[in-house]
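**Q** Heads up: the protein sequence lines correspond to chains C and P, in order.
Under the numbering used here, think of the first position of the first sequence as 1, with each following residue one higher.
Under the numbering used here, think of the first position of the second sequence as 1, with each following residue one higher.
Simulated from the structure, these hints should not be mistaken for lab results.
Treat the hints with care, since some could be wrong.
Copies of the same chain look alike in the list, so a pair counts if it works inside one copy or between any two.
As the list claims (entries may be wrong) - Below are the DSBU-like pairs computed for lysine-lysine, each with C-alpha atoms no more than 30 Å apart in a straight line:
1. Lys-315 <-> Lys-351
2. Lys-393 <-> Lys-274
3. Lys-315 <-> Lys-411
4. Lys-315 <-> Lys-412
5. Lys-274 <-> Lys-318
6. Lys-52 <-> Lys-172
7. Lys-274 <-> Lys-351
8. Lys-412 <-> Lys-318
9. Lys-315 <-> Lys-341
10. Lys-318 <-> Lys-341
11. Lys-74 <-> Lys-412
12. Lys-52 <-> Lys-411
13. Lys-318 <-> Lys-411
14. Lys-274 <-> Lys-190
15. Lys-341 <-> Lys-411
16. Lys-172 <-> Lys-412
This one's a predicted model, so the numbers in the text were calculated from it and none came from an experiment.
Protein chains: 2
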Amino acid sequence: MTIDNVLARIDQNREAAVQRLFDLLAIPSVSTDPAFAKDCARAGQWLVDELKGLGFDASLRPTAGHPMVMAHAKAKRRDVPHVLFYGHYDVQPADPLELWETDPFKPHLSDDKQRIIARGSADDKGQMMTFVEACRAFRDEQGDLPCDVTILFEGEEETGSPSLPAFLAANKQELTADLMLVCDTNMWNKDTPAITTMLRGLVLEEVVIQAASRDLHSGMFGGPATNPIHVLSRMIADMHDARGCVSLPGFYEGVSELPEDIAAQWRELDFSEKDFLGSVGLSVPAGEQDRSVLEKIWSRPTCDVNGILGGYTGKGSKTVLPAQASAKFSFRLVGQQDPDKVVASFRDFVKARLPSDCRVEFLSHGASPALTLPFSSEALARARRALHAEWNKEPVLSGSGGSIPIVGLFKKDLGIDALMIGFGLDDDRIHSPNEKYEMSSFTKGARSWARVLDALAG
Amino acid sequence: MTIDNVLARIDQNREAAVQRLFDLLAIPSVSTDPAFAKDCARAGQWLVDELKGLGFDASLRPTAGHPMVMAHAKAKRRDVPHVLFYGHYDVQPADPLELWETDPFKPHLSDDKQRIIARGSADDKGQMMTFVEACRAFRDEQGDLPCDVTILFEGEEETGSPSLPAFLAANKQELTADLMLVCDTNMWNKDTPAITTMLRGLVLEEVVIQAASRDLHSGMFGGPATNPIHVLSRMIADMHDARGCVSLPGFYEGVSELPEDIAAQWRELDFSEKDFLGSVGLSVPAGEQDRSVLEKIWSRPTCDVNGILGGYTGKGSKTVLPAQASAKFSFRLVGQQDPDKVVASFRDFVKARLPSDCRVEFLSHGASPALTLPFSSEALARARRALHAEWNKEPVLSGSGGSIPIVGLFKKDLGIDALMIGFGLDDDRIHSPNEKYEMSSFTKGARSWARVLDALAG
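Work the whole structure out from these sequences, hints included.
**A** If you want it as structure tokens, here you go:
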């Protein structure tokens, strides 16, 4: 079998691959600090050169911020899928420097040679190079790639990707592909791969309730004058029913139950709800009754108040009956929930509870849908088999509680679904001192991508 | 009748009385500004001299702040009641000066001679001098007072009476009396006197709810992690039932219904709920259903949140699930409600709604009972008849939504009930530019006190 040769090639090239990664890690491409702008461009150029060496038509594309790396390579076979691989070459600042045991930009192996230690080793240089090394092995072994491949590496992910939307809009044609591949997520644990198939969406709404025309003395007016904090608290309390479900009419439209095989997989994961909550000082699961904590985070929608403010909040007391109270709400969405419908239902819900002599102002801070790779997707089935073959374990089909804006952007602007396969671990200390990436993640990650590309080509 | 001669004497002395008040008003005894400390002492000394001239044993008593004026005069008759009259000689700052049409400390009459214009004319120099002028008329006319009289004028009322508690404690014996008289409140309107018989008490409680040990990411933890803003909002919402009543168990213990004659009097007052609420931009009465606005403010207890804070409250959004949320509650108490019981019931109520993995911290910012002069009080009956005789109208037995800490202090420390009769009007602009006191308030106020003293003596 060809793929075995490709995998063997990856194993043989391991030392050289690590050295290449070290070269990239040595470039301090900190995107948030203008002092490192040249280093960002240098990291981009390093990648362009690297990809050119692999036969890619690669170039550095300027943006208003740090440049993009864009590269294309076509397979000799026609009728193969076209994948778009996304990664980012920028890294978080290394501060606080004094907490690093070694220079963050002098990459090295741990004494036991099991870990690559440097800023960006896991987030995201090590991860993205797993894909590049997989491509290299195909080139070296068979002078061809199994799929048409477009690569996009950006240099601003750690600062919120400010140049990406305009770049996507300007290069729609060139970025069009059948499937997006992303290597910026974690495995379930060191031995168990994971495919993230669900990212929760996010609706952000702020509400300002205005009652009296000015702050009142609570002695003079307390009783007959409406207190907007009470009005707001009633709305917040009404937002969940006694079973912990969100009470907005129609809120659960588009929310599906998990397929039984996925539900069974999650039940059998070695996940301790006690430890998860205990790590932040909690012990009683909140939210929907009869749902596991993993379900709640990965596949169930929520409503949370992220901030509330009204009246006097300094030291001591003030007998004020405030004119105004405000709260910031966030809704995490899943499945096919429609963000616009959630916003409309929320606003109706608030207005229905507003006394007729009060006013309400709504501020929208964003609304994006959940991103779900259908469990029935053929690409997902192939990736699952490929990862199983590599790790000898069924990959966990996980969700992610938070949103990943880039994936949403590609879905919205280019209509491309994403297959998110990453080899990070929870203890990689990304964004923190002494960031590391497991050698097994790096090597078996490259082997995993080789298998996935092979499987996708069919 | 002797009292007619006394009243005639007041009328004859009117011009001299106004001139004396002008002398006092010309002293800028602004208590909050150290630049006026000497003026405060000067105003106190002026009053000592004045009272000595009326045969009082008067002296200026130093405190840590501005001095107290203390004066005693015994009636020749024995078996007469001993009254303690309280007033304050300090005034609010005159700022903003540019909004005064005339110099705030150059007292003068309006062109039609109907109003005395100066800082302190209504609050409280004009009001307290009505009592002094009543005493003078008795002295001048009959060389005696109808009651034993102790007078206490303080110079720090406008700054919260910081020296008063220690002064009361140190001079308990000397301040003991049968009844306290206070002239620092308003009439119902220009033609209708009022006796304030109910001051609402005040319980101030702050609650801090702690959930997780640190702020959490609402994507990572939203759903299974308890949101303390939700917990707090539920508590606040539960604090009132659907009829607008406070839900704390036992809260209404000690709250009595108004006697029917008082209720009837209030119903017939020319009070517009629409105008009252409309003045602050509201139109729908909140609070207990089936209670009038006047009842709600004067004779019903309340629960209000005066401040709430939790999570992110800056501009835009932050997907934080806060560790902590807090709120400041105030309870206005009436009748015989026990502040300690209210505090206990409130804390039990909060604890009963606290998830078992959350913690709560309570901060007390004070707890004082309502002050009620019983409707059955003989002194009240006499004062009502006296005021009726002067104004030819039944005095309104009003409540006051706010507390008057001084009255509470005397009740608590000396056990003395207070008869609060004042001649201020809502449009006197106390604490504001162009403060005034009606000439009719001043003259008929003095006549009213003469009648009240005479009536109390029986």
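**Q** All the hints need checking, so say for each whether the structure fits it.
**A** Here is how each hint holds up against the structure:
no. : hint                : verdict
1   : Lys-315 <-> Lys-351 : between (33 Å within a copy, 23 Å between copies)
2   : Lys-393 <-> Lys-274 : within (25 Å within a copy, 73 Å between copies)
3   : Lys-315 <-> Lys-411 : between (48 Å within a copy, 28 Å between copies)
4   : Lys-315 <-> Lys-412 : between (47 Å within a copy, 26 Å between copies)
5   : Lys-274 <-> Lys-318 : between (41 Å within a copy, 27 Å between copies)
6   : Lys-52 <-> Lys-172  : within (22 Å within a copy, 96 Å between copies)
7   : Lys-274 <-> Lys-351 : between (39 Å within a copy, 23 Å between copies)
8   : Lys-412 <-> Lys-318 : between (49 Å within a copy, 23 Å between copies)
9   : Lys-315 <-> Lys-341 : between (41 Å within a copy, 25 Å between copies)
10  : Lys-318 <-> Lys-341 : between (40 Å within a copy, 22 Å between copies)
11  : Lys-74 <-> Lys-412  : within (25 Å within a copy, 91 Å between copies)
12  : Lys-52 <-> Lys-411  : within (28 Å within a copy, 91 Å between copies)
13  : Lys-318 <-> Lys-411 : between (50 Å within a copy, 23 Å between copies)
14  : Lys-274 <-> Lys-190 : within (21 Å within a copy, 70 Å between copies)
15  : Lys-341 <-> Lys-411 : within (19 Å within a copy, 60 Å between copies)
16  : Lys-172 <-> Lys-412 : within (12 Å within a copy, 79 Å between copies)
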